[in-house]
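Starting from the known structure of chain A, fit chain B onto it as the hints suggest.
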Amino acid sequence: MKNQLLHVFRNTPFGRETFLQSIYFCKMTGLHLKVFIPKHPQFLMYFSREVVTVDLDKSYLRSLETARGHAEELIREAGIDASFLEPRRYTASTLPDIPVDFGFMTCPRTVSDLSSKVGLGYIGPRVRAIIRNAVFPVVIPRSVYKEWKQIVVFFGGSANALNAFRLGVKLQLLSGLPLALFTYAEKKPKSYYEGILEEQNLLSGIRTGGVEWRFIEKGSFKDGLYHVSHDALVVAGAYGHGLIRELVFGNMMEEIQSILPNNLVIVGPNFVEE
Amino acid sequence: MGFSLSFLLRKFLFRLDERLQLIIVAALVGLGGGYAAVALNSGLQSGSLYLFPLRSHWYAVFFPAVGAALSVFFLHHLVRDIGGHGVPEVIYSVTRRGGLLRFRSSFSRLVSCFLTIASGGSAGPEAPVVISGASIGSNIASFFYLKDRQRTVIVGCGAAAAIAAIFNAPATGIAFALEAILGEWTPINVVPIAIASVVGTEVSRALQGNQIPFRHHIFHISNADLAACLGLALLTAMSSVIFMRLLRVVSAKAGVIIRKVWLRAAAGGLLVGLIGLAMPDVLGEGYEYIREIIDGQYAASIFIAGALVLAKILATSFTIGSGGSGGVFAPCLVIGSLTGLFFQRGLESLFPHMTWAGESYFGLLGMAGVVSSVLQAPMTGIFLIIEITGGYDVLISVVVVSVLSATLSHFFEPHSIYHIELIKRGELLRPRTDARVLSELSVMELLEKDCRVVHPEMRLRDFVSIVEASHRDYFPVVDSEDGRFVGMIHLDDIRSFLFDTRLHDSVLVEELVNRNVVSVSPEDELPDILRTFDETHSWSLPVVQSGKFLGLISKATLLDHYRKELMAQEAG
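Chain order of the listed sequences is A and B. The opening residue of the first sequence carries number 26 in our numbering; numbering runs sequentially from there. The opening residue of the second sequence carries number 218 in our numbering; numbering runs sequentially from there.
Watch out, some of these pointers could steer you wrong.
[Claimed, not checked] Some chain A residues near chain B, calculated using beta-carbon distances under 8 Å:
1. K64
2. Q67
3. V76
4. L81
5. S108
6. F109
7. A117
8. K243
9. S254
The hints are simulated quantities; they were obtained by calculation from the structure and are not laboratory data. Even glycine gets a Cβ: it sits at the ideal position worked out from N, Cα and C.
This is chain A alone, in the form it adopts within the complex:
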């Protein structure tokens, strides 16, 4: 199911916006959209080392009788390839298990709190747990539907950033959109980052001009973010540097997702590139 994007459908105006983002993502990448309409307030995702219990806020269970119709209508209008996920396994009668072998998953920044409580700069604990454990990248859409015209990868030299770059290249191939690499220098010379990319055979795309590299050397990281195009899909690794990166996102990641209004794709530490 690596060619599928999982979307947990919410039958609300806010849910419609995020669903439109997933539809657009699939349209651009040719992925199959797998729609899950939850019927219970929780579902489980069994990852290799952890079970993540996704406690859904009440809005996910609103107007269940019209949910499928609404989703089908939007899928039909978009003309994309989609199907609905019916859980086959249940840990308990009201606790379905959702497969975890998708290519991507769309998650709003929080699924367990009411959307009204969502503020910029906050990613809910369940979404964090999914990112931490998943082998697939997580798409975090903004609250209003917005198309993207280019892909920007944040590259700070870490292993996750390398994975993010690889994913960016894959998305570029699938969508045909231009790809840019965004690096904040952190007092290191450009050659340092080039060396990392060279080691992984990832520098050739930049040298041939297929990938634009925006290398920010001056000013703060926050100031640099202004140069990220408003219509870009931002791809970033989940964790930055630091001792506690196993539990929480690094500072840089928090800053990216709290400052940028763009749609994000986050590559977690267990991401497996196919």
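Okay, now just chain B, sitting in the frame of chain A:
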């Protein structure tokens, strides 16, 4: 610093032999399981101490209702966990999910169970302690990056430690984990489970003292007593079947009658409170009454004993069936001991001139019979009775009643109370069964992508040249425009066309394709696919998703992977 320590711990463990890894982690889990059991046990003792004097008041009738409602509120709204006693969840995780359990399960059921039982609900603390111990085990195993198979054993260790600690009975912990949770006795399982069980017991002894739960008595067992065991086995089997069926009915109906979970639990609790007004002995876990029966101090006529059996069955069904938190282990012991008492009173009435071994003897055997029947785990029943009474002189009688009762009840209720729910959902996969082996494999693992795809507009000549270069008998046909799967060509079906060269330029692939071919999806279960192979007499089936052809799955590859997986599981 904390992270560095965890890193060093993992590094240290990684360097050890796998068996040694299991032993070390099992000991840690034994500590966790032991502490969980002692915490709940101490909590229940304190709760009973405070609430017992109040039970004589009229308002005590509402205690179980309030406790059950609070228990559900805590479980569903505060920690957002699910109801039930949790043992099926542990077995499901062992059979289907490599022993992965949620962290919240390590404490949620302990608190909710305390609220249910301390307020007078008729349930036992064992199942919540089992899921707690198992969850502690699962999370410790994940912390140390143990493999799925190792984690499964460690989950069993947690369950064993919990049972061993709560009953101060290490052998019972081992038997329970192997018989009821893991479902297999293998050398690789037994050693770590035994260690966890012993550590759990030692924790319990260190914190609560080395007490045998029920005092040991010397019995003078005659041949008549042994013969009477046959009758008692019949009676305990009957009690067990009635209990299991009533619990199932109440669970099914309660959800339909009252939709709100807390209200349902409160209603169940109120019914228990009303039963408790007439027969207070059915409230709570009931160990003190078992103790009285075994000490021969329980004054009840045959009618009262019979009524108490039914009342305890009803009270437990209302408590657990309506959503209260707790297990069936302790109620089984109470129902069993009361059944034994009822039987003994009956014997004395029917044969007043004979000398019988006494109510203690039949009470013990009754417990073994009901536990063995309801759990379909005779070894657990036998070990439990021997260990908690400290007496081996009843061994033969216990074996007779346990085995016979489990066999008789199996005729009417073939599955353990812990397995029924899983069997209904088709999720119980016992070790070394085809379904269990196949559950470890997925369609995508077996997908063969090296097949040549042909298109409907292709001429037979071109198709023949593809056949010549291929080693396959099956050729999927895919629409060249939209990539949709059209059908399959099996060489056996078109062999006559292949050798008639006059047709090579006039026949197209679309005229040869079988459009009614059965396809499978990547999400299908392998046992279902194996069934499809048999029904269609095919050797290869196309895997299609949303109309797109992904590859072929062949019977030979499936059986080959099955064999390899079986060997891996056998190797442990």
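Verification of the hints:
1. K64: violated, 15 Å
2. Q67: holds, 7 Å
3. V76: It holds, given that the least Cβ distance between A/V76 and chain B is near 5 Å, below 8 Å.
4. L81: Nearest chain B Cβ about 10 Å off; hint violated.
5. S108: This interface hint holds because 6 Å falls under the 8 Å limit.
6. F109: violated, 11 Å
7. A117: holds, 5 Å
8. K243: violated, 34 Å
9. S254: The hint is violated - A/S254 has no Cβ within 8 Å of chain B, the shortest such distance being about 33 Å.
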